[in-house]
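Q: The primary structure of each chain is shown beneath.
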Amino acid sequence: MGVPFKQIVVYLDGSESSMTAIMYGIKLAKEHDAKLTAVYVINTKALSELVKAGIFVAVERDEYQKDLQQDADRYLKHAARLASQKEVDIETVKLEGTVHIVVKELLKAQKADLFVLGGITDIRSRREELASETDRMMRTSPCPVLVVRDDDDIWLEFEA
Amino acid sequence: MNILDVLDKNLVKVPLMHTDKRGIINELVEVIAKAKGYSTQQFEQILDAVLNRESLGSTGIGNGIAIPHAKTDVVKQVVMVVGISRFPVDFDSPDGQKSRIFFLVLAPSKQASAHVELLASIARTCTSQVFRRMLEQARDSEEVVRLFME
Numbered sequence: 254m255g256v257p258f259k260q261i262v263v264y265l266d267g268s269e270s271s272m273t274a275i276m277y278g279i280k281l282a283k284e285h286d287a288k289l290t291a292v293y294v295i296n297t298k299a300l301s302e303l304v305k306a307g308i309f310v311a312v313e314r315d316e317y318q319k320d321l322q323q324d325a326d327r328y329l330k331h332a333a334r335l336a337s338q339k340e341v342d343i344e345t346v347k348l349e350g351t352v353h354i355v356v357k358e359l360l361k362a363q364k365a366d367l368f369v370l371g372g373i374t375d376i377r378s379r380r381e382e383l384a385s386e387t388d389r390m391m392r393t394s395p396c397p398v399l400v401v402r403d404d405d406d407i408w409l410e411f412e413a
Numbered sequence: 179m180n181i182l183d184v185l186d187k188n189l190v191k192v193p194l195m196h197t198d199k200r201g202i203i204n205e206l207v208e209v210i211a212k213a214k215g216y217s218t219q220q221f222e223q224i225l226d227a228v229l230n231r232e233s234l235g236s237t238g239i240g241n242g243i244a245i246p247h248a249k250t251d252v253v254k255q256v257v258m259v260v261g262i263s264r265f266p267v268d269f270d271s272p273d274g275q276k277s278r279i280f281f282l283v284l285a286p287s288k289q290a291s292a293h294v295e296l297l298a299s300i301a302r303t304c305t306s307q308v309f310r311r312m313l314e315q316a317r318d319s320e321e322v323v324r325l326f327m328e
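For the record, the sequence lines run as chains S and L.
In my numbering, each number is its position in the first sequence, counted from 1, plus 253.
In my numbering, each number is its position in the second sequence, counted from 1, plus 178.
Take the hints with a grain of salt, since some may be wrong.
Derived DSS-like pairs (lysine-lysine); straight-line CA-CA distance at most 27 Å [what the hints assert, rightly or not]: (1) S/LYS347 x L/LYS288; (2) L/LYS288 x S/LYS305; (3) L/LYS199 x S/LYS305; (4) S/LYS319 x S/LYS364; (5) S/LYS330 x S/LYS319; (6) L/LYS254 x S/LYS319.
Just a few of them, taken from the derived set where beta-carbon distance is under 8 Å, the chain L residues facing chain S [stated by the list, open to error]: (7) ALA290; (8) VAL294; (9) GLU295; (10) ALA301.
These aren't lab readings, by the way, just hints derived from the structure by calculation.
Just so you know, these numbers come straight off a predicted model, no measurement behind them.
Ideal Cβ positions, reconstructed from N, Cα and C, are used throughout, including at glycine.
Working from the sequences, and respecting the hints, build out all of it.
A: This is the structure:
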């Protein structure tokens, strides 16, 4: 067990709350002098589901695959920029697959002692509870999980 | 991103009035254009994007569902319009079944992840035959929203 934290992994999905999470992760890493990793997962499972369901045609799947790669690069670059602002070293990792599975593998491989994520909302329906990737990541994480609430104060403090 | 993140009572229409594919698409785009106060030009831009996508292959996916969708920078966030028709509409679905449940999904070009996740969420949600039957029988937009929230 690493206390204070030595290896922090932050999950990014492009949402505003995941941006809050990376800011929080950067501050934590600085305070604890921990190694920081930001991970973005290209959800190829969702893409496969769309092809299987007949919602995407082949040409569309290829186009979206490229778009998803660009999304990943953009958000990871943004995370690196934020870390650099606070003079914190960061490793950015782009993965593909089923989100909670590949994240769990990364946490194990990195021997992470803290997993930071945002994006937790109130459960609004039973159906949603069953399908939430964030929920699954929390449940399957091999290390302690820190859920960062999407809080304006974190943005203000980070930008100060 | 899932259905509940974008579900908006003002973007649900029950019942849809048109009985043909082109008319339904037009009506769904009208719902979003009216709700967001889009100009005629923006309405046309969205319609063109949806019809262009439709020209690649029908978005009727079977089991009485169609999910016309497109990327367009007219919208600033991923949006979804839900429409329920009293009459089955031929949407060229692979199973030959006519559609009564429609989801129009529009996304800005730089929000591919959210777009893909929302479409996958719709596909997952609508796998239940019981749920589809309840949606088809919904009397108004409030009931549609309530069904998704259960």
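Q: Enumerate the violated hints, using their earlier numbering and listing them in ascending order.
A: When the structure is compared with the hints, only number 4 turns out to be violated.
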